[in-house]
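K.L.:
Below, each chain spelled out in residue letters.
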Amino acid sequence: MPTLNDRHYDQFLRLFADHESALRTFVRSMVPSLEDASEIMQDTAVVLWQKFDEYDAARDFRKWAFGVARYQALTYLRDRVRDRHVFDDALVHSLADDAAAADQRHEAQREALDQCLQKLPEAQREMVLTAYTKGTRMDELAAERGQTAMSLYKVLHRIRQALLECVRRTVAREEYI
Amino acid sequence: MKGHWHEQIQRYVAGDSTQEETDALQQALKDDAGLRALYLDYLNLDLALGEAAEAAVLRENGIGRTTKFPRPLALSSAYHWWWIGAAAACAVLVVFAMLPGGSGSTGAHPDIDATITSAQSAIARLSLEPPSPLPAWTSPTASLLEQPRISE
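Chains A and B, in that order, are what the protein sequence lines are. The numbers in the first sequence follow the working numbering, run straight up by one, and end at 263. The numbers in the second sequence follow the working numbering, run straight up by one, and end at 167.
Some hints here could point you the wrong way.
Below, computed lysine to any residue pairings styled on SDA-like, alpha-carbon distance capped at 25 Å [unchecked claim]:
| id | chain 1 | residue 1 | chain 2 | residue 2 |
| --- | --- | --- | --- | --- |
| 1 | A | Lys240 | B | Ser133 |
| 2 | A | Lys240 | A | Glu260 |
| 3 | A | Lys220 | A | Gln210 |
| 4 | A | Lys220 | B | Gln25 |
Bear in mind the hints are in silico, worked out from the structure with no lab data behind them. Only a predicted model underlies this, so the values are computations on that prediction, with no experimental measurement involved.
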């Protein structure tokens with residue numbers, strides 16, 4: 087394994103930072119929750135570093151990292167998500183293939199999100215961002231707003247749907263330009 | 016059809032789907048590439064919203080905010096004058112040292128000796144007491160004593 091503080095390590099860090107966002111989206115495509123995705127990302131980062139000596143610099147780092155991440159996600163799903171409803175391996179593979187192909191579209195959608203958030207009424211924007219802030223409990227947020235958790239979920243569903251339609255529209259429009 | 020799947024996808028992502036709902040969604044995703052794209056776009060949105068929320072918290076806490084500090088205009092002009100003064104004193108010393116008789120003559124040119132002594136003491140004073148044109152709070156340790164007040 088390479089030692090710390092050498093050029094090899096710097097090279098790895100630079101490549102990982104360049105592709106981290108795409109890799110995170112790719113991992114997220116295979117697992118149902120953000121927490122699972124975070125854990126797989128950590129495992130993937132460790133394995134990528136451990137195997138970085140084997141990486142051929144002539145190859146596409148992103149493809150290599152996606153391969154490692156796919157294996158990590160499948161192992162994780164088999165080992166640790168037995169008690170939850172998750173998709174079978176065939177569908178996870180199929181989603182991973184689609185996600186790798188949709189890499190550019192997803193990047194464009196992430197960039198468009200900021201514009202779409204600005205178009206939301208302020209109260210809705212604050213609510214959705216609060217709901218996504220780490221440590222927020224939905225039941226507490228609902229109580230603060232004088233709502234039931236169920237009605238809060240419904241509002242959030244509608245906001246997410248509106249945001250998704252907005253980012254898709256924005257990206258489609260930009261593709262024409 | 017789409018409205019139903021919007022809801023089913025979000026329920027699955029939130030971990031609220033029953034086994035039957037998961038099975039139905041799985042089958043639909045296997046059969047329909049457009050639905051797979053919708054599912055992946057939702058997951059991407061979910062991730063991006065998490066990042067946007069994190070960025071909003073960082074902004075609110077002031078991390079990453081650009082603060083405008085007062086520009087230390089006095090710094091450059093005061094230092095200029097300090098260096099000009101020091102250079103002039105040196106020039107005076109050099110000129111007098113090159114005069115016939117040199118700096119070693121003491122009794123012959125008492126006025127010159129007095130000038131040299133005065134210039135030397137002026138230089139010594141300058142090097143002992145450099146000007147401090149910056150406000151005290153810009154010192155790295157001054158923050159322990161008093162915080163700057165930046166007017167709105």
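K.L.:
Each hint: holds or not?
P.N.:
Consistency of the hints with the structure:
1. A/Lys240 - B/Ser133: Given pair A/Lys240, B/Ser133 is violated - Cα atoms ~86 Å apart, limit 25 Å.
2. A/Lys240 - A/Glu260: Answer violated: A/Lys240 to A/Glu260 is near 30 Å, above 25 Å.
3. A/Lys220 - A/Gln210: Given pair A/Lys220, A/Gln210 holds - Cα atoms ~18 Å apart, limit 25 Å.
4. A/Lys220 - B/Gln25: holds (19 Å)
Taken one by one, the earlier hints fail for this structure at numbers 1 and 2, listed in ascending order.
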